[in-house]
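**Q** Each chain is listed here by its residues.
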Amino acid sequence: MITEDGVENRTMRILLVEDHASFRQALALVFGREDEFTVVAQAGSIAEAREAIAAESVDAAVVDLALPDGSGADFIREIADGKMNISTLVLSASLDPAQFAEAVEAGASGVLHKSAGLHDIVDAVRRMRAGEVLLSPNQVIEMLRVVSRKRQEEQEARRSIDRLTRREREVLQALAEGLDSKQIAAKLHITFETERTHMVNILNKLGVHSRLQALVFAVRYGVVEIG
Amino acid sequence: MDTKRILVSNELRSYGEAVSVALRVLCPNAAVFEVEHRYLTREVRRLRPDLVVCSRATEVVREQVASWVELYPDCGSLSEVCLDGECSTVDDLQLSDLLDIVRAPQRAASTG
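In order, the protein sequences belong to chains E and L.
The first sequence begins at 1 in our numbering and counts up one residue at a time.
The second sequence begins at 1 in our numbering and counts up one residue at a time.
Mixed in with the good hints, there may be bad ones.
Stated by the list, open to error - Residues on chain E that point at chain L, a partial pick, calculated with CB under 7 Å:
1. His20
2. Ser22
3. Phe23
4. Gln25
5. Ala26
6. Leu29
7. Ala93
8. Leu95
9. Pro97
10. Lys114
11. Ser115
12. Gly222
13. Val224
Claimed, not checked - Calculated from the model, a selection of chain E residues having no Cβ within reach of chain L, i.e. all distances over 12 Å:
14. Arg24
15. Arg33
16. Asp81
17. His119
18. Glu168
Stated by the list, open to error - Each pair of labels, with its calculated beta carbon distance range:
19. E:Lys182 - L:Leu78: 39 to 45 Å
20. E:Phe192 - L:Glu63: 52 to 58 Å
21. E:Arg126 - L:Pro73: 30 to 36 Å
22. E:Ala54 - L:Asp91: 45 to 51 Å
23. E:Arg126 - L:Pro105: 50 to 56 Å
24. E:Glu225 - L:Arg103: 46 to 52 Å
25. L:Asp74 - E:Lys187: 34 to 40 Å
26. L:Asp100 - E:His113: 53 to 59 Å
27. E:Asp96 - L:Arg62: 29 to 35 Å
These aren't lab readings, by the way, just hints derived from the structure by calculation.
Even glycine gets a Cβ: it sits at the ideal position worked out from N, Cα and C.
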């Protein structure tokens with residue numbers, strides 16, 4: 001929209017949130033060469049990004065997802081919840097579609113993989129400036145489906161974990177320590193057959209088919225500690 | 001002084017392009033070439049660069065290029081810098097560090 005005070009000519013004020021400093025600084029230089037953009041702040045972490053938006057007026061943020069103090073999606077959610085009127089573009093090296101989907105659910109206007117070229121990145125920010133929609137409704141719906149599916153899987157996993165008995169958790173922990181069936185039985189002062197029974201019950205409850213799968217599941221959801 | 005030849009190659013295209021732009025702007029006396037990572041070895045043999053900045057230093061880079069920087073391999077925070085055979089690991093490499101490397105006088109010729 002064109003206003004009387006010439007807002008259409010105002011440069012877009014950009015915040016770059018990226019922990020790879022040399023890339024971030026090079027990207028700032030790239031944006032700085034375009035007349036319509038001004039990089040007003042750079043941040044290498046969510047904490048720095050929070051400080052930046054408190055100190056500077058920002059129109060758009062280009063946000064990495066893997067930051068040293070958390071996920072960029074959390075920062076995007078903060079921006080969206082705070083109604084700060086900052087458009088956000090995710091620029092990530094993640095290969096996990098669920099991470100991109102979570103960012104969109106959090107409020108990101110668009111997502112790009114870092115394998116994209118500079119032209120695509122600058123163009124995406126330019127389109128945000130023009131008020132264009134970067135993601136089609138179908139893309140948004142698909143991403144929200146991904147998030148929903150992942151959340152459902154996590155809830156099911158948590159329910160499975162809750163069904164494990166204390167003894168079954170001890171068996172899993174012993175498995176994580178690298179013990180075989182006989183060693184687990186000896187450690188827990190149970191018979192070999194009882195250990196096998198516990199393991200069958202664990203596999204059934206977790207919906208997996210092998211000891212290795214059970215171990216991976218247990219590690220992923222923090223049921224056991226390794227090392 | 002001869003123009004320093006720099007070959008930039010990163011598996012993440014945005015990294016390679018951004019670093020190339022920055023080096024061309026900030027080091028106008030250097031000749032900056034950018035190549036897709038899959039062609040890195042071929043281009044090292046063809047261009048015989050003085051410095052390679054890449055995401056993964058291949059065997060040919062390590063053996064035939066005087067100086068190279070492995071920028072954020074595996075997307076971690078560490079980079080490996082090898083200048084005329086002296087290698088070190090650098091955390092949180094800054095663009096100014098890269099510029100210092102580019103502007104450093106050459107001490108040895110490429111063996112390639």
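**Q** Evaluate each hint against the coordinates.
**A** Going down the list of hints, with the structure as the test:
no.	hint	result
1	His20	5 Å, holds
2	Ser22	5 Å, holds
3	Phe23	5 Å, holds
4	Gln25	4 Å, holds
5	Ala26	4 Å, holds
6	Leu29	5 Å, holds
7	Ala93	5 Å, holds
8	Leu95	10 Å, violated
9	Pro97	17 Å, violated
10	Lys114	4 Å, holds
11	Ser115	5 Å, holds
12	Gly222	23 Å, violated
13	Val224	26 Å, violated
14	Arg24	8 Å, violated
15	Arg33	8 Å, violated
16	Asp81	28 Å, holds
17	His119	8 Å, violated
18	Glu168	36 Å, holds
19	E:Lys182 - L:Leu78: 39 to 45 Å	42 Å, holds
20	E:Phe192 - L:Glu63: 52 to 58 Å	55 Å, holds
21	E:Arg126 - L:Pro73: 30 to 36 Å	32 Å, holds
22	E:Ala54 - L:Asp91: 45 to 51 Å	27 Å, violated
23	E:Arg126 - L:Pro105: 50 to 56 Å	41 Å, violated
24	E:Glu225 - L:Arg103: 46 to 52 Å	48 Å, holds
25	L:Asp74 - E:Lys187: 34 to 40 Å	36 Å, holds
26	L:Asp100 - E:His113: 53 to 59 Å	30 Å, violated
27	E:Asp96 - L:Arg62: 29 to 35 Å	31 Å, holds
Comparing the model with each numbered hint stated earlier shows that hints 8, 9, 12, 13, 14, 15, 17, 22, 23 and 26 do not hold.
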